[in-house]
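Chains A and B, in that order, give the protein sequences. Quick note on numbering: this note's numbering labels position 208 of the first sequence as 208, and the sequence is numbered without any gaps. Quick note on numbering: this note's numbering labels position 207 of the second sequence as 1207, and the sequence is numbered without any gaps.
No wet-lab data here; the hints were simulated from the structure. Computed from a prediction, not measured in an experiment: that's the story for all the values here. Keep in mind that the hints are not guaranteed to be accurate.
[As the list claims (entries may be wrong)] When the alpha-carbon atoms are kept at most 25 Å apart in a straight line, the in silico SDA-like pairs for lysine to any residue are as follows:
no., chain 1, residue 1, chain 2, residue 2
1, B, Lys1090, A, Val215
2, A, Lys37, B, Lys1153
3, A, Lys114, B, Ser1149
4, B, Lys1141, A, Gly210
5, B, Lys1309, A, Arg128
6, A, Lys114, B, Arg1334
7, B, Lys1366, B, Arg1334
8, A, Lys114, B, Arg1326
9, A, Lys114, B, Arg1143
10, B, Lys1144, A, Tyr179
11, B, Lys1153, A, Gly210
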Amino acid sequence: MEALFLSIKLSICVSAILLLCGAPLAYWLANSQWRGKFLLESIVALPLVLPPTVLGFYALLAMGPRGPLGRLWQAVFGHGLAFTFSGLVLASVIYSLPFAVQPLIAAFESVDRKLLDASAVLGAGRLRTFWRVILPLSVPGVITAVVLSFAHTLGEFGVVLMVGGNLRGITRTVSIAIYDHVQSLEYVEANRLALALLGFSFAVLAVVYGINRQVARQIGRMWTPWAPR
Amino acid sequence: MDTVGAQVNGAALTAQVRKERRRDAASPFVLDVSLTIPPGITILFGPSGAGKSTLLDCLAGLVRPDAGRITIGEEALFDSASRANLPPQKRRIAYVFQSLALFPHMSVEENVSYGLAYLQGQERRARVGEILTAFRVENLKTRKPGEISGGEKQRVALARSLVTLPRLLLLDEPLTGLDAALKAAIVEDLRAWNAAQRIPILYVTHTREEVDALGERVIAMDHGRVVSAGTPQEVLDAPRRKRLAQAAGFENLLGGTVMDVRESDGVMRVRLEGSASEIEVPLGYASAGDRVRVAIRAGDILLATELPKGLSARNVLSGQILSLDRRGNMVVARVACGVVFTVHVTPGAARALELAPERQVWLVLKTHSCHLVDD
């Protein structure tokens, strides 16, 4: 059960960071006219196609005692980054980035441009337009972004294994614990954890989609991340 | 009605705007206008695609003109010479879009107070209450835009724009879809509000009825240019120049005289110069007796060797082939019907119909293939 709580803690940290960093990035990607934008879009989408082991491998190199991130971390905090919870959070943020950014881009882009024009003509600057118009009308997209990054982090395996290893209470997340139990033929323990993860995941999704439905009805239009646009 | 010189508070808008828009490579759209709008309602009239909305976007600062100068009174909002360009937030211009663009997640009261962020609570509420009363929507304060009727939405949109005390009001077909009585009531409230404020109001429409109903000053636009300006009578009934095609690219350019105008059928009959033939052309800005030029593409004309029957095309002229010339994979036929028409047919069709000089033929012209053109 310790592993399950660690996974949930990791997922909460990752979703929170992704929401804070992903929203400005998504806003910029949704509005920029920059010609080189496609390059950044490709980078954001990379974790969708890369095997977690590839991502994890390079994350490990970067965070290692000789990697740039690892050395920076050492200089600032006095200890390394690899095989720590912080390192795990950082790698997971990169790994789940597209799951947060893409629903946000879709949501920001689906806000009627005329509303933004109206806001500007009424004297509101970009920031006020974002807080008062774009964000409230993107709530379903924001919820989707948080849920997807939460769920994606909760279930991740490859990256965690590469970057975090298997340190009990520090980096041993639920998926790794389950794998461990199965390897040692402890099927009862594996089943207990797997079932808990299954139940928890379902409960979270059900609550969120229920809320989403309410919000969408309030805003007056249905929003699903899966609808073609 | 407003007479210039009678208690004018607001300053006039003057604008010279040039803006090129590439819709497709073949026909770039160029907006090139110069106009002065005094306080009071001025109607901007023209068919869709004439550039009315682009002009409004330029005035509001949402679109940057390529060149020109926009001033209200003494203040320049945009000046390509001095590179001045106020952002929309600083222009103090109100703009009611065709879609109204009310914020769907805010109540009527929140929508209307959105533009008053710089005011404190008490004063803000007072101003909002005042304008809601002026536009008769104070009872809707707590409703969301999705919960009120079309006419009410339009009133709220007007209130939201005007509560900021703008220097200019732009209305982009704001009252479409309302019945005449409701429209008139809203316009009356707008006039009443403006009796005190006296700001220039630019009201865009593409329907004649609205011009007749509102009109004091009218500016007619087409193809990105001001076509005429004046009273509704002067603009609508004076030489009609609606939808004039470019003469270039038409093989057949025929002079003619308008015999009669059948508004209900959407057509006019034009007698072709130098012949007794009459053809029907789409309704244009011309009156009976006017001389017009009609342009028809050689490829748009059908050629028949027998008198065709049961056709939707209204114009069938009989004539005689003068000459046939093969040009590449096309045959150019010259046909005399009183006037000489140039007709393009395929070599296969020419063979199958056994076309030959002096052969009697009939030409079929679809009404909408006949374009009125500018001299």
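Unmet hints by their number, sorted upward, for this structure
When the structure is compared with the hints, numbers 1, 2, 4, 5, 6, 8, 10 and 11 turn out to be violated.
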